[in-house]
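Student: Spelled out, the chains give:
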Amino acid sequence: MPASRFTQTGNYRTRYAQDQTIFATYAEQLSLIVLIGLLLLLPLILPKTMLRDVNMIMIYAVAVIGLNITTGYTGLINIGQAAFMGVGAYATALAATRLNLPFFLAIPIGGIAGALVGTFVGLPSLRLKYLYLAVATLAFQIIFEWGVGHTPLLAQGGAISLPPVQVFGVKATFFNHNFVWYYLILPVLVVMGLLWRNVLRTKHGRSLIAVRDNDRAAAAMGINPGTAKIMAFMIGSFYAGIAGGLFAYFQKAVVIEDYGLHISIQLLAMAIVGGLGSLPGSFLGPLFIVTLDRLVGNGSQWLGAQNLFPAGVDVATALRPLSFGLAIVLFLMFEPRGLANWWRLSRLYFKKWPYKF
Amino acid sequence: MDLLPQLLIAGVVIGSVYALAALGFVLIYKSSRVINFAHGQIIATGAFIAFALTQKGVNFWLAGLIAMLATFLLGMLIERVFLRRMVGEPIIAVIMVTIGLSSVIDGLIHLTPYGAGTFSFERPALLTGQGIELFGLPLSKTQIAGVLMALGLLGGFTYFFNKSTLGITMRAVADDQMAAMSVGTSVERVFALAWAAAGLTAAAAGVILGLMSGLTLGGLAGIGLKVFPVVILGGLDSVIGAIVGGMLIGILENLSAGYLDGIVPGGGTREVFPFIILIIVLLIRPYGLFGTKEIERV
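Residue numbers (this note's numbering), protein chains in the order written: chain A, 1 to 357; chain B, 358 to 655.
Watch out, some of these pointers could steer you wrong.
[Said to hold, decoys possible] Pair ranges (Cβ atoms, derived): (1) H204/A to F517/B: 38 to 44 Å; (2) G579/B to R98/A: 31 to 37 Å; (3) L195/A to Y516/B: 58 to 64 Å; (4) R294/A to G625/B: 32 to 38 Å; (5) L505/B to M50/A: 55 to 61 Å; (6) S570/B to R294/A: 46 to 52 Å; (7) M221/A to E446/B: 24 to 30 Å; (8) N341/A to S570/B: 43 to 49 Å; (9) T151/A to M538/B: 52 to 58 Å; (10) R98/A to G625/B: 52 to 58 Å; (11) T151/A to N519/B: 44 to 50 Å; (12) K650/B to N298/A: 21 to 27 Å.
It is worth saying that the hints were derived from the structure and are not from the lab.
Please read these numbers as outputs of a predicted model, since none were measured by experiment.
Idealized CB from N, CA, C, for every residue including glycine.
Using the sequences provided together with the hints, build the complete structure.
Tutor: Structure below.
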């Protein structure tokens with residue numbers, strides 16, 4: 001136990017068990033509870049139009065945690081996370097429409113389907129490293145998109161609509177859709193986040209980091225890098241599958257465009273902007289990218305009205321990829337550790353206040 | 358009139374464009390170990406610069422040359438501004454920078470009037486008129502010229518790497534950067550040159566593709582993805598591999614379109630077959646046909 005129960009003033013740990021605690025002080029534990037409490041109140045004060053974006057951010061955050069597990073913690077570059085999301089979404093849609101399962105069973109089925117496919121796609125990682133693996137996941141992404149587009153069972157990439165959801169007697173309708181789904185997604189996100197935070201404390205989670213840092217050294221320490229890599233793919237794509245199932249229900253329909261290559265790249269960008277291999281980054285990254293996209297969308301509407309550009313130019317379709325690409329490049333050049341680093345520094349500032357370094 | 362020779366010839370025609378696109382990709386990977394996801398966008402930039410110039414009344418051949426010069430400089434600029442800072446960073450960072458750049462270039466092209474539409478070059482006088490017939494397959498003069506231009510450039514680069522001092526310098530850097538540096542080679546200059554040369558070949562590929570099948574941003578930038586099966590099959594760091602891989606992928610995708618489209622519901626196997634080949638190659642022979650064997654197994 002640290003000397004002060006509210007602020008951590010130094011490292012007082014004497015046992016490994018203490019080193020493995022999630023919260024250093026009660027104040028940290030309390031702040032998380034307060035944060036979750038505030039998030040529960042958020043939809044009451046937020047305008048309805050913004051609530052939709054918040055829901056998107058939370059769903060993407062689940063997928064980005066998964067991507068961070070494969071790419072951030074284990075170092076396996078994955079350019080196919082949206083395809084794993086898609087696998088989950090289609091499995092969820094099939095479970096909901098063909099088997100008539102309720103959503104709280106259909107979404108886990110999506111996660112399991114994602115994990116199974118992810119494990120299979122991860123198998124080449126036993127032989128391939130770095131960019132070869134990146135290219136393999138890229139190929140899976142393209143094969144997935146094509147495969148869905150040619151399967152009559154999956155409506156050939158067209159829309160499969162999902163039934164509306166009923167929870168505790170409240171039915172999600174056109175008017176309270178975003179509101180109801182906020183309270184369905186938030187607990188999933190919190191549970192998935194805490195779950196990963198806890199897996200990270202176990203030997204399995206730590207073996208992933210060891211493999212990322214140096215897989216030969218990890219092998220010398222008795223970790224089987226192959227098992228670790230397959231496990232990373234399995235867990236990472238499980239998260240993607242859950243996110244895909246949520247996304248399918250939230251969008252009310254599954255369409256292949258929601259799981260295309262550009263979404264995979266967006267998820268990678270979120271992971272990088274947030275900070276690779278960091279849990280807070282998995283929330284900050286989606287927040288940043290979705291907000292940026294929305295701001296640029298609104299801004300370009302205004303810009304488009306100013307008649308600055310020649311006719312036939314759609315300003316929004318131009319500025320969106322431009323700002324998105326610039327955000328990635330600038331972050332990688334000037335802050336490779338992402339927003340999570342800013343979060344860490346600001347925490348450090350308050351911890352040390354009023355004393356500076 | 359037989360199906361097989363037709364498919365083979367059509368494969369060689371499109372394969373030569375793939376080879377040219379893959380050549381630029383390989384040049385960059387070979388010298389600096391950077392996977393360039395923005396290559397498709399550089400191809401599109403080159404093609405649209407040439408198109409914009411012909412629209413202004415510039416002669417087609419001159420416009421093509423100017424476009425190649427422009428992407429030559431663009432490649433150099435990208436290397437100087439963005440990639441030089443990334444030396445020594447993790448691979449994921451380098452890959453993501455090029456992905457980010459591809460998005461930026463995409464946005465910039467969308468700011469011009471060429472982002473959304475479909476355009477086609479006005480054929481220069483030399484390329485109009487009746488083509489020839491080969492094994493019952495009518496080949497337009499455009500297609501023949503495209504293949505000849507591609508083969509000429511590919512041959513020129515092969516000669517350049519084997520005979521000229523600069524080419525040999527670039528090969529030396531590719532083989533061992535440390536050793537090359539220690540005998541006084543400027544590695545930075547070689548990186549810049551590799552990017553510039555890649556830009557040059559990209560514009561050529563873009564113009565040839567634009568001549569053969571019209572100009573759309575999606576179609577031109579999409580070549581940047583087709584490059585992956587080509588270079589994985591040929592070997593990521595082999596110029597010969599790019600040529601052979603390009604031709605092979607071109608032929609194989611046409612064969613799949615010819616023979617598999619009838620079997621697969623919905624057809625369109627052309628789009629996906631190269632990527633299935635990619636996965637098979639990765640599993641059997643990850644370094645490709647001509648690549649350096651440097652994969653380590655876990």
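Student: Confirm or reject each hint.
Tutor: Outcome of the hint check:
1. H204/A to F517/B: 38 to 44 Å: violated (52 Å)
2. G579/B to R98/A: 31 to 37 Å: holds (34 Å)
3. L195/A to Y516/B: 58 to 64 Å: holds (59 Å)
4. R294/A to G625/B: 32 to 38 Å: At 35 Å between Cβs, range holds.
5. L505/B to M50/A: 55 to 61 Å: holds (58 Å)
6. S570/B to R294/A: 46 to 52 Å: violated (37 Å)
7. M221/A to E446/B: 24 to 30 Å: Once the Cβ atoms are compared, 26 Å apart, the range 24 to 30 Å for E446/B and M221/A holds.
8. N341/A to S570/B: 43 to 49 Å: holds (46 Å)
9. T151/A to M538/B: 52 to 58 Å: holds (53 Å)
10. R98/A to G625/B: 52 to 58 Å: violated (26 Å)
11. T151/A to N519/B: 44 to 50 Å: holds (49 Å)
12. K650/B to N298/A: 21 to 27 Å: Roughly 52 Å apart at Cβ, these two residues miss the hinted range, so it is violated.
Hint compliance for this structure: hints 1, 6, 10, 12 are broken, all remaining hints hold.
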